[in-house]
Amino acid sequence: MALSEGRRRDADPACAEAPADGPDLSAYLTPTPSGEARLDLLVSGAHCAACIARIEGELADTPGVASARLNLSTGRLAVGLRPGGDPRRILGVLERIGYPAAPYDPDSAREAQDREGRELAMALAVAGFGAGNAMIFSVPVWAGLFGQELGPATRTFMQWASAGVGAPCAVFAGMVFFRSAWTSLRGGRANMDVPISIGVLLTLAVSFQETLLRGRDTYFDAAVTLLFLLLIGRWLDHALRRRARSAAADLLALQAPSAAILAEDGTERRAPLRLVRPGHRLRVRPGERIPVDGVVETGESELDNAILTGETAPEPVAPGAACRAGALNLTGLLTLRAEAAPEDSTLARIARLVESGAQSRSTYVQLADRAAAIYVPVVHTAAALTFIVAWMLGLPVREAVLRAATVLIVTCPCALGLAVPAVQVAAASRLFRRGVLVKSGAGLERLAEADHVAFDKTGVLTEGRPRLLNADPVDLARAAPLARASSHPLARALAEAAGEGPTAAEAVEVAGQGVEAWTATGVMRLGRAAFVGAPLSGDQTELWFRDDRGALFRFAFADALRPAAAGIVEAMDRRGLSVSILSGDVEGPTRRAAERLGATDWRSGLTPQGKVEALDALKASGRRVLMVGDGLNDVAALSHAHAAMAPGTALDASQSAADLVYPADRPDRIAEAIDVARAARRRAMENFAFAALYNLVAGPAAMLGLVNPFVAALAMSGSSLVVTLNALRLLNGGGK
Amino acid sequence: MNIVVILAPLSLALALIGLAAFWWTLRSGQYEDPQGDASRILVEDPDDRPL
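Residue numbers (the numbering used here), protein chains in the order written: chain A, 1 to 736; chain B, 1 to 51.
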């Protein structure tokens with residue numbers, strides 16, 4: 001284990017990280033009462049115990065740091081700074097040990113503390129406590145209902161004890177529902193919490209009255225049990241949603257990359273991206289992304305546009321060439337002149353498209369809310385009618401109110417409240433075992449409704465990196481030593497195909513051209529056609545090799561299809577989903593991929609905006625589209641689609657725009673996820689049907705006064721149990 | 001029946017202890033970082049203070 005490495009020290013940290021450059025971070029500091037300042041950071045790449053030891057150990061040795069604590073579950077690092085401690089130094093330390101970090105906005109940090117989850121957990125615990133203990137006192141009363149010996153004095157004692165435990169717990173645990181019901185009523189609507197709140201409060205009031213008047217029927221335990229069961233559903237739902245929200249918040253927090261700005265005198269300084277203005281000269285090293293749209297001033301290199309457009313072939317650039325924000329600089333050092341401010345650059349335009357997509361999707365109404373819209377008026381009318389009819393038939397007001405309250409509590413949506421969350425959690429955990437992460441329950445519902453799939457090509461159907469096509473082993477072995485000396489993706493693919501072997505020690509990389517090596521017998525070159533002196537040919541991605549005797553060899557590359565993608569079109573077809581491929585890549589590779597997969601509907605050369613338009617056209621023709629994509633060029637389309645999935649290798653931005661994330665090498669899991677989502681929908685529908693049936697029996701029984709507290713408790717927990725068990729069938733593959 | 005007067009408060013008291021314990025675990029942030037807590041046991045110099 002590499003735990004001891006956590007204490008490794010390259011140099012005296014005080015000298016290594018002079019707080020030279022970097023943005024001013026004082027806005028991110030939160031003062032604490034003890035005179036220190038707290039800095040919240042989002043750290044990427046920390047996954048294990050060794051990471052904790054390394055990060056916390058290094059920071060503890062950094063001057064000015066009072067404390068450092070990493071939360072591995074959320075990736076957030078809380079650093080306590082002594083007065084005068086420099087936050088920039090902390091970022092420097094983290095950068096050096098390989099965990100790039102970004103400051104977290106103090107406001108969103110407070111939000112991420114999950115107050116709501118804590119409140120729900122506490123309410124759940126109190127309701128559980130109340131339900132169990134109120135029932136201890138209710139059981140003797142129930143026994144008295146069935147002719148067991150129970151004097152009126154003992155019964156009243158038991159009822160008071162039940163009230164003493166049940167009522168405070170019900171009020172505490174019910175606050176969640178009361179608040180939500182109040183907000184919705186003030187907004188002029190009635191959500192599911194309105195009948196719950198009215199039911200619970202009315203039940204408590206009636207039960208107190210019955211106890212005072214030495215009546216027989218009290219429902220303290222039923223009120224708390226009802227809240228307990230509902231809170232389980234609420235908590236499950238919250239747990240699912242929290243995961244999705246934290247992913248989105250992380251993305252926002254991380255949108256603060258920096259750029260290296262060159263001053264007139266040639267000195268370089270790092271500045272936050274938002275300070276970059278058109279006309280600034282920027283330096284971009286190999287391996288870095290282009291910060292803003294610009295034109296190359298000096299230097300030659302090749303750019304990887306894959307995440308921006310889906311094109312797999314690297315694009316050579318020379319002085320005068322335009323390059324777009326987000327492209328990855330592969331080989332040479334470039335100096336750019338910024339053409340656009342960051343907020344006008346390609347990346348920002350994509351971010352705006354994402355925003356509009358998120359808005360359009362927020363109008364989706366979830367199953368449970370649709371059920372509530374039908375349920376609420378029906379139940380309230382029934383309860384009101386019960387009161388009016390019972391009163392008109394000559395029953396005392398006290399009896400009529402008791403019956404109306406019984407109707408409310410018996411028909412109270414325990415089963416409805418659990419019907420959907422239990423199913424969604426069961427479905428999510430089944431998919432989780434198959435490597436598919438469900439980010440929101442609503443996403444699962446939308447996935448079940450999809451009737452068309454739009455695939456991105458690069459990285460989804462294909463591996464997203466070049467593979468050698470033609471390979472004569474002898475030629476390959478001759479070119480391989482040069483290829484191993486280069487970090488270019490094509491050369492790496494060639495080296496990978498050749499396997500282990502020697503590296504040309506004297507090889508020199510010529511930026512944007514290729515690699516060359518001088519040997520005793522002549523020069524060997526591996527690179528672009530012009531560099532090697534070969535004729536340009538075809539539409540394929542290629543690499544040329546000239547050996548020391550001047551003989552030329554051509555190596556062609558293509559982005560290989562993922563093996564698991566082979567039957568995907570057929571699999572979708574069987575499930576009644578039509579397929580189209582929307583690619584940003586050029587025509588040739590897209591056509592070849594579509595032909596091999598058997599997809600007839602494909603489009604190539606699409607911009608991010610083009611993908612959104614293609615989806616909108618499908619939407620206009622009444623289709624509900626599932627979009628599967630991984631690149632930055634897909635993010636907008638992902639957020640505009642009815643449902644969205646992204647592979648695990650996708651960018652954070654794509655993953656946070658998607659509803660589900662699946663293992664990248666198993667596109668066939670998409671079909672499985674659709675199956676589970678559809679099974680979940682069926683289970684939820686069955687649960688609704690059961691809840692409706694139950695209410696059809698229990699409701700009239702309560703209206704006629706046939707329900708006593710024991711029957712109510714039994715019916716309520718029984719229906720919740722049935723609904724939950726039905727949901728659990730999903731876990732073991734039931735529902736195929 | 002008099003035994004109820006003793007047993008009922010006793011059972012309540014026991015349950016309240018459980019509730020208080022849960023409240024304490026919640027307030028001291030023991031559910032904030034389940035992954036981290038599981039990993040920290042492997043760290044040589046464990047800092048196992050709750051947050």
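Heads up, some of the hints might be wrong.
To be verified - Examples of chain A residues lying across from chain B (beta carbon under 8 Å, computed):
{"no.": "1", "residue": "118"}
{"no.": "2", "residue": "125"}
{"no.": "3", "residue": "136"}
As the list claims (entries may be wrong) - To give a feel for the contact side, a few chain B residues facing chain A, derived at Cβ under 7 Å:
{"no.": "4", "residue": "3"}
{"no.": "5", "residue": "12"}
{"no.": "6", "residue": "15"}
{"no.": "7", "residue": "19"}
{"no.": "8", "residue": "21"}
{"no.": "9", "residue": "22"}
{"no.": "10", "residue": "26"}
{"no.": "11", "residue": "29"}
{"no.": "12", "residue": "30"}
{"no.": "13", "residue": "33"}
{"no.": "14", "residue": "39"}
{"no.": "15", "residue": "42"}
Hints in this document: simulated from the structure, not taken from any laboratory.
Beta carbons: idealized from backbone N, C-alpha and C, even for Gly.
>> Let me make sure I understand: some of the numbered hints might not hold for this structure. Which ones are they, in numerical order?
In response: 4, 8, 11, 12
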